[in-house]
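Asker: If you want the building blocks of each chain, they are given just below.
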Amino acid sequence: MRRDMVETRDLSHFVRHLDNGVARIDLAVDGITCAACMAVIEGGLAALPDVTRARVNLTNRRVAVEWNDGRLDPTRLIERLSELGFRAFPFDPGRAEAKEAQEAGLLWRCLGVAAFAAMNIMLLSVSVWSGNVTDMSPEQRDFFHWLSALIALPAAAYAGRPFFRSAVSGVLARRLNMDVPITVGVLLALGMSVAETLHHASHAYFDSAMMLLAFLLLGRALDQSMRQRTREVAGNLAALKAETAAKFVSSNEICEVPVASIRPGDLVLVRPGERLSVDGIVLEGRSDIDQSLVTGETVPVLTEPGANVYAGTLNGYGTLRVRVGAAAGTLIDDVTRLLDQAVEARSRYVKLADRAARLYAPLVHLTALATLVGWLICGASWHDALITAIAVLIITCPCALGLAIPAVQVVASGALFRAHVLVNAGDAIERLAEIDTVLFDKTGTLTLPAPELVNAAEIAPGRLALAARLALSSGHPLAAAIARAAHATQPLTDAVEEPGQGVHTRLEGITIKLGSPAFCGAEREAEALAAGDPEASRIVFAYGAERHVLMVRQRLRPDALEVVARLRAAGLRMEILSGDRDAAVERVARALGVDQWRAGMTPAEKIARIAELKGEGRRVLMVGDGLNDAPSLATANVSMSPVTAADISQAAADAVFLGDRLAPVESAIAIARVAQRLMRQNLAFAVIYNLIAVPIAVLGLATPLIAAVAMSGSSILVTANALRAKHAREAS
Amino acid sequence: MEVLIYLVPMALTLGLLGLAAFLWSLKTGQYEDLEGAAWRAIMDDDEAAGAATQDRGVPPAA
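As you go down the protein sequences, you meet chains A and B in turn.
Under the working numbering, the first residue of the first sequence carries the number 1, and numbering increases by one thereafter.
Under the working numbering, the first residue of the second sequence carries the number 733, and numbering increases by one thereafter.
Treat the hints as calculated values from the structure; they're not laboratory data.
Heads up, a few of these hints could be off.
[Claimed, not checked] No more than 20 Å apart at the CA atoms, straight line, and that leaves these computed lysine to aspartate or glutamate pairs for DMTMM-like:
(1) A:Lys241 / A:Glu434
(2) A:Lys99 / B:Glu767
(3) B:Lys759 / A:Glu100
(4) A:Lys241 / A:Glu103
(5) A:Lys241 / A:Glu256
(6) A:Lys241 / A:Asp26
(7) A:Lys241 / A:Glu79
(8) A:Lys351 / A:Glu256
(9) A:Lys99 / A:Glu256
(10) A:Lys351 / A:Glu434
(11) B:Lys759 / A:Glu256
(12) B:Lys759 / A:Glu97
(13) A:Lys241 / A:Glu97
(14) A:Lys99 / A:Asp30
(15) A:Lys99 / B:Asp765
[Said to hold, decoys possible] Covered stretches of chain A (chain B as the covering partner; in silico rule of three or more C-beta atoms under 8 Å from a C-beta of chain B):
(16) 101-110
(17) 684-698
Just so you know, these numbers come straight off a predicted model, no measurement behind them.
Where a beta carbon is used, it is the ideal one built from N, C-alpha and C, also for glycine.
Sequences and hints are given; from them, build the entire structure.
Answerer: Structure representation (structure tokens):
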């Protein structure tokens, strides 16, 4: 556009200024593979002047750098890392991640306190139990009980907060969750034990209450850690996308800034071959834009001043000047409105644990009541009847039930993580296990998002290599595909790009050209090939009088065919819903053997189709990536997105999968099904445990010793069973 | 049984010390990078000292 443009890079959005004159930046680093990298990075960064601290976190592949605020430009850090062979991306830890970390910290602290209390009280309790059958004096026993109370009451008040809070908010919202019976059980156990201690009784249940809290907190802390780890990886992936925009800071000066710091009304420059990172209106320039990530349409759209452009689309040959801001009445508005409706209407899925709690809590509370009444009728004293009833509540307190589901979720999330699936929502595993229909978007989901050269084998290797070198001089995305196909690295000298047409140069006296068929004078050859493959883009390479037609288009994911076949074998019904044209969708559907497909669908039509399927009683998994898929991802029972998807879609999806392969979708379903089975088994264990323990408690035989053995035994059993989800993929 | 006067406070103190150590380790972020910590322990001092020598103003050994 203008030749005298000055460009700088601004990272100030990511730099945090600490109180003592020290600046800090967090970088997500690609390429850290081993401990040696850690030493290289830390040594290399520390050698820069002013850097006071560089610390690699090998677990989450991040580097924290601190330096004396002032002279050092943080871009120097990134340059230094790239000299060392690592790609680094500035990184905004974000509020969601900070909140998760805070939550995890609280759970671990509570667990520490509960475990300390449980162990020390158990020490005292074992003394009392052995003293009760030997020669302990009542004074000593009371002393030990008071000591236990002294430890248990403050510890429970501290460590029980996560449960108490959730129970109270559940009750206030008139929803019964698992934390309600847990809270009731713990409070009753503590209250009764204090009352019994006051009456110099021989039994107190302080140890049961604390052990229950410790076991349950362990399950939750592990669950939280797993979620935190997933979020960190997702955060790194977001940073690795490095979404920046070239913002005009004056009329001819641009500055590369992170997208997060762009405001509506800003002017940005979009260069040829760049992916747009903002929505806006074109003020100046013409180009062809590949909108496949937004609409699913694979044919580029001609863009002129006044046209709307969307984040996530790929710019073609032209340079554009764009005013940031979503225009009214555009696709974005439609999608946002539909998405809001879908999120609102999303039927509140009741988690398995909560469903169990709804059955379980009234049942045990009624059993306790029946025990109280029964003993009173049989002529027991109020005191004895009440103690027995409370003992029933304590022994049925859902220790195994509380661990049954989180334990499986932790192990299953780990297995999913290894299968390259990151789960956003906690209950996604349960919903994923129940699906019977899979809906795929086409563009970017069944196909890979970047275009590829498909007929490389038909072109002489020498000519292809030359074409690829020439392609390096062009900014057009299709040229980039050709350069990639031949792994070209050396551009040709003196290559000239004619915007919108192609590149040409002279080599040893021969004119060579790469560009549109018209540019190279080969329309007839290109037309002949177009008949066989209408939606491929055709690029012609002219070498003197020779003409080679190169076909470039989006290819199916490498394992799409096998995955679809295996999903069909597993009894799942499949359908393709695409925004692309009939012919393009039909070709893919036929290649994959999917007989149900719909093309040219708007976001609203996709939602309608999902609603129709749900109306037939089907449980739908939607796999999609486009902006136009976001509302349907939120509408489906459960949804997945590839990591290349538009940001809104990734946020709306329940899980994100990584890599070029489609296999993670299949693995996710398989792992979720195994996890679901183990959760059900665990719940069955909990029921069997109660069938044995409850009669003992109802008869008034549940001593604290029996409660302790039963509780720890059942917890170990369900945890051990949950560990079987670890090898879910291999087993399925 | 008078020995309990010493033993019980001692047991509790030891337990509290353990708890305090755990809480301290949480607060100072000892669990933030378990993988890295495992490797740092066996890393050569020359490499790992890069950051430290810089602090003291001594150029790192070539």
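Asker: Decide, hint by hint, whether the structure agrees.
Answerer: Right, here's what the structure says about each hint:
1. A:Lys241 / A:Glu434: violated, 33 Å
2. A:Lys99 / B:Glu767: violated, 23 Å
3. B:Lys759 / A:Glu100: holds, 15 Å
4. A:Lys241 / A:Glu103: violated, 27 Å
5. A:Lys241 / A:Glu256: Distance ~14 Å between Lys241 (chain A) and Glu256 (chain A) Cα, so the pair holds.
6. A:Lys241 / A:Asp26: This hinted pair holds, its Cα atoms lying about 15 Å apart.
7. A:Lys241 / A:Glu79: holds, 17 Å
8. A:Lys351 / A:Glu256: violated, 45 Å
9. A:Lys99 / A:Glu256: Not satisfied, since the Cα-Cα distance of roughly 30 Å exceeds 20 Å.
10. A:Lys351 / A:Glu434: Given that 20 Å is the threshold and the Cα spacing comes to 12 Å, the pair holds.
11. B:Lys759 / A:Glu256: Violated. Lys759 (chain B) to Glu256 (chain A) sits at ~37 Å, over the 20 Å cutoff.
12. B:Lys759 / A:Glu97: Judged against 20 Å, a Cα distance of about 17 Å means the pair holds.
13. A:Lys241 / A:Glu97: holds, 18 Å
14. A:Lys99 / A:Asp30: With a Cα-Cα distance of about 25 Å, the restraint between Lys99 (chain A) and Asp30 (chain A) is violated, given a limit of 20 Å.
15. A:Lys99 / B:Asp765: holds, 19 Å
16. 101-110: holds (count 3)
17. 684-698: Per the Cβ count (0), the hint is violated.
The structure fails hints 1, 2, 4, 8, 9, 11, 14 and 17 (numbered hints given earlier, in ascending order).
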